[in-house]
Amino acid sequence: MLHTVNKSPHDSSSLRTCLSLAKQGSDLLLIEDGVYGALSGSIHSDTIAEALNNVTIYALGPDLKARGISEDRLISGIKVTGYDGFVELATVNDKVQSWL
Amino acid sequence: MLHTVNKSPHDSSSLRTCLSLAKQGSDLLLIEDGVYGALSGSIHSDTIAEALNNVTIYALGPDLKARGISEDRLISGIKVTGYDGFVELATVNDKVQSWL
Amino acid sequence: MSETKKFMYVNRHAPYGTVYALEGLEVVLIGAAFEQEVSMAFIGDGVFQLKQGQDTVDSDMKNFSPTYRALGDYEVNRLYVERESLEERGLNEDDLMPLTWEDEDDDWAEKKSIHIVSRAQLSDLLEAQDVILNF
Amino acid sequence: MSETKKFMYVNRHAPYGTVYALEGLEVVLIGAAFEQEVSMAFIGDGVFQLKQGQDTVDSDMKNFSPTYRALGDYEVNRLYVERESLEERGLNEDDLMPLTWEDEDDDWAEKKSIHIVSRAQLSDLLEAQDVILNF
Amino acid sequence: MKFSVMVNEGPYTHQAADTAYHFIDAALKAGHEVFRVFFYHDGVNNGTRMTTPPQDDRNIVNRWSALAAEHDLDLVLCVAAAQRRGILDADEAKRNGKDADNIAPGFRISGLGQLIEAGIQSDRVLVFGD
Amino acid sequence: MKFSVMVNEGPYTHQAADTAYHFIDAALKAGHEVFRVFFYHDGVNNGTRMTTPPQDDRNIVNRWSALAAEHDLDLVLCVAAAQRRGILDADEAKRNGKDADNIAPGFRISGLGQLIEAGIQSDRVLVFGD
Chain A
1 MLHTVNKSPH DSSSLRTCLS LAKQGSDLLL IEDGVYGALS GSIHSDTIAE ALNNVTIYAL
61 GPDLKARGIS EDRLISGIKV TGYDGFVELA TVNDKVQSWL
Chain B
1 MLHTVNKSPH DSSSLRTCLS LAKQGSDLLL IEDGVYGALS GSIHSDTIAE ALNNVTIYAL
61 GPDLKARGIS EDRLISGIKV TGYDGFVELA TVNDKVQSWL
Chain C
1 MSETKKFMYV NRHAPYGTVY ALEGLEVVLI GAAFEQEVSM AFIGDGVFQL KQGQDTVDSD
61 MKNFSPTYRA LGDYEVNRLY VERESLEERG LNEDDLMPLT WEDEDDDWAE KKSIHIVSRA
121 QLSDLLEAQD VILNF
Chain D
1 MSETKKFMYV NRHAPYGTVY ALEGLEVVLI GAAFEQEVSM AFIGDGVFQL KQGQDTVDSD
61 MKNFSPTYRA LGDYEVNRLY VERESLEERG LNEDDLMPLT WEDEDDDWAE KKSIHIVSRA
121 QLSDLLEAQD VILNF
Chain E
1 MKFSVMVNEG PYTHQAADTA YHFIDAALKA GHEVFRVFFY HDGVNNGTRM TTPPQDDRNI
61 VNRWSALAAE HDLDLVLCVA AAQRRGILDA DEAKRNGKDA DNIAPGFRIS GLGQLIEAGI
121 QSDRVLVFGD
Chain F
1 MKFSVMVNEG PYTHQAADTA YHFIDAALKA GHEVFRVFFY HDGVNNGTRM TTPPQDDRNI
61 VNRWSALAAE HDLDLVLCVA AAQRRGILDA DEAKRNGKDA DNIAPGFRIS GLGQLIEAGI
121 QSDRVLVFGD
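Protein chains in written order, with the working numbering: chain A, 1 to 100; chain B, 1 to 100; chain C, 1 to 135; chain D, 1 to 135; chain E, 1 to 130; chain F, 1 to 130.
It is worth saying that the hints were derived from the structure and are not from the lab.
Incorrect hints may appear among the rest.
Unchecked claim - As a list, the in silico BS3-like pairs of lysine-lysine whose alpha-carbon atoms are at most 30 Å apart:
#1 D:K111 / D:K5
#2 D:K5 / B:K95
#3 E:K29 / B:K95
#4 E:K94 / D:K62
#5 F:K94 / E:K98
#6 C:K6 / A:K23
#7 F:K98 / E:K98
#8 C:K5 / A:K23
#9 A:K65 / D:K5
#10 C:K51 / C:K111
#11 C:K62 / B:K79
#12 C:K111 / B:K65
#13 A:K79 / F:K94
#14 A:K65 / D:K62
#15 D:K51 / D:K112
#16 B:K23 / E:K2
#17 D:K5 / D:K112
#18 F:K2 / A:K79
#19 C:K112 / C:K6
#20 C:K62 / C:K112
#21 B:K79 / E:K2
#22 F:K98 / A:K65
#23 C:K51 / B:K65
#24 C:K62 / C:K111
#25 D:K62 / D:K111
#26 D:K112 / D:K62
#27 B:K23 / B:K95
#28 C:K62 / F:K2
#29 B:K23 / B:K79
#30 E:K2 / D:K5
#31 E:K29 / D:K5
#32 C:K6 / F:K2
#33 A:K79 / A:K95
As the list claims (entries may be wrong) - Here's a subset of chain C near chain A, in silico, CB distances under 7 Å, partners left out:
#34 K5
#35 S39
#36 G44
#37 Q121
#38 E127
#39 I132
Ideal placement from N, C-alpha and C gives every residue a C-beta, glycine not left out.
So here's chain A without its partners, still in its complex pose (with noise of 0.2 Å):
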């Protein structure tokens, strides 16, 4: 199962929820102001490595880009993917849950 997250962890509860909920070996995929979850140094920064040990966590790469987050500044462990990535994993999972 895919996961996406569209909500910066300091403004909003999504991606604690997410976290919550997604199952080991799922997907997490980090879209839109999602992806200030993968900077690494945050106050949120070791849940989030520490969600690594169960699923595996994307962020898309022209929001990052967007953003100005360099792929120097993620998290260790976190993949960069843009959007035909997006597509791969919403094809390879076989479902998707949007944290809106």
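For chain A, the structure is supplied; the task is to place chains B, C, D, E and F on it using the hints.
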């Protein structure tokens, strides 16, 4: 100064940000989904009860009523007011900051 | 048309502050006509949608809470409410509207539509769906 | 028209995810023509508006970050950024665009427009305003 | 006391448009003056006459138009925000080569300067949004 | 693979309409089928031809219309959501006694059943919103 918060404290950081910046003696009015912050027994109730030492907190009655929250469920010390009271608060305070 | 699918409507917004709850409910009612396997999940502030005693007379909005009571008649009778979300908000099952449906396979016995489930159970339920729509 | 008022534009939204930052900036530019005492506050995710290196070429949105660099020419040179908001997000002053203005009362010396302030200082600044507009 | 109000969200989607309406209504009833209501961001969607909400719900657009008629309220839609969202009066339709307009009675389209002026002229400015 | 997409927010205000567009564009480029794009809530505001965004920004409405023309995409605006927000085609304008319509090329107005049908017919449904 009058502060308004219109978001649930469970979903948004608005109330927390407001309380971190509101000065001693300020008025705070909870409106719309912000009135959920007035509920006693929630994981945020202690923080809000503590803030009552600093600021006077009001909740908009019509918004409580719409959401089925009766006054006996509110954190002790929170006052209920109507739209007329909202106007009065905006009048007696020299300005209004909306934590959207 | 293909076989029956499992549809879950996931509700995470409080009522009235935004329109998502009301318009989400409109989808559920229309969807009930399609004879799919339907359930609703109430997570986070979504649990507030089911709060008893909603009264919009002073705020001049449409009180759509009675519509939840009609869901049973449309055979929408699996409303899953996350226990942890209730507890975090200072609510319990008695705070929710008593929603029921009549089971025609059991001599029209009146049964509860609301099922309080744990976070772990809800996670399993999400995983079991074919289509998830979020409101 | 009455005397000069203190206007503060409070920015609490990240750029691009929503339009508030972009349309808020349009208000600041228009407002600069009114010769009021103007400042901007960046709180919470609003600090992300000033992040260096924004590039929207792959997302086909309008990159409005260059507009912040123009603010100095409009004599909008008091941009207050909450230090705690930066720190919570893993950012520091070097992550922000280097915004400057030229002080005509000081032989056109180039000065910084961004002022990193503590939560307590920001609270004082808010209190000192006449009009607060939120974006 | 002289109030101005900024409304940042469209009708129905967020309660902001409702709260702004009830606040203004209460302020007028208390004898205050409302200098201007400025609609910005999606708030401009409050000013289309093309809405047909369900019969059993409030009609937010008509409610604004009626309040404006009763109290000679100045309801201003920001032109830049309105262009992004497709809200037009006859002049704007002509200027932008559109074949119709959709502004509701009691509203007018103008620039952002009207918001700043409202801030200067009013004793209090309140912002309602998301 | 057969995709359907629900878009819940209007253009510009939230990035959802952009992300949905780029996702669909990428899916089509990868050779997938897009069965339907269903616009709900404020998403119906993607379907008005009355917008005039600034020259230096993307034109979200025109972008949808062009994609629909190129790929014979089915872009459906929910009728109930559209009525609340003032989006109309000629039929709806007539039915509701309005003097104009504002729907953009490539969009059609229909009922919520179209969303459920999309869920039944498609391999994947994605929701983009706020």
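Verification of the supplied hints:
1. D:K111 / D:K5: 24 Å, holds
2. D:K5 / B:K95: At roughly 12 Å apart (the allowed maximum being 30 Å), K95 of chain B and K5 of chain D satisfy the hint.
3. E:K29 / B:K95: 20 Å, holds
4. E:K94 / D:K62: 26 Å, holds
5. F:K94 / E:K98: 20 Å, holds
6. C:K6 / A:K23: 19 Å, holds
7. F:K98 / E:K98: The given pair, whose Cα atoms are some 17 Å apart, holds under the 30 Å limit.
8. C:K5 / A:K23: 21 Å, holds
9. A:K65 / D:K5: 38 Å, violated
10. C:K51 / C:K111: Measuring from Cα to Cα gives roughly 19 Å; hence the hint holds.
11. C:K62 / B:K79: 26 Å, holds
12. C:K111 / B:K65: Distance ~29 Å between K111 of chain C and K65 of chain B Cα, so the pair holds.
13. A:K79 / F:K94: It is violated: about 52 Å lies between the C-alpha atoms, which goes past 30 Å.
14. A:K65 / D:K62: The hint holds at about 13 Å.
15. D:K51 / D:K112: 16 Å, holds
16. B:K23 / E:K2: 25 Å, holds
17. D:K5 / D:K112: 23 Å, holds
18. F:K2 / A:K79: Holds, at about 26 Å.
19. C:K112 / C:K6: 20 Å, holds
20. C:K62 / C:K112: Within the cut-off at roughly 26 Å; holds.
21. B:K79 / E:K2: The hint holds at about 26 Å.
22. F:K98 / A:K65: 44 Å, violated
23. C:K51 / B:K65: Distance of about 11 Å is within 30 Å: holds.
24. C:K62 / C:K111: Holds, at roughly 28 Å.
25. D:K62 / D:K111: 28 Å, holds
26. D:K112 / D:K62: 26 Å, holds
27. B:K23 / B:K95: 13 Å, holds
28. C:K62 / F:K2: Distance of about 38 Å is beyond 30 Å: violated.
29. B:K23 / B:K79: 19 Å, holds
30. E:K2 / D:K5: The given pair, whose Cα atoms are some 15 Å apart, holds under the 30 Å limit.
31. E:K29 / D:K5: Holds, at about 28 Å.
32. C:K6 / F:K2: 17 Å, holds
33. A:K79 / A:K95: 20 Å, holds
34. K5: 11 Å, violated
35. S39: 14 Å, violated
36. G44: With a closest approach of 6 Å, the G44 of chain C hint holds.
37. Q121: 10 Å, violated
38. E127: 6 Å, holds
39. I132: Holds - the Cβ of I132 of chain C comes within 7 Å of chain A, reaching about 5 Å at its closest.
Going down the numbered hints, you'll see the structure goes against 9, 13, 22, 28, 34, 35, 37, while the others check out.
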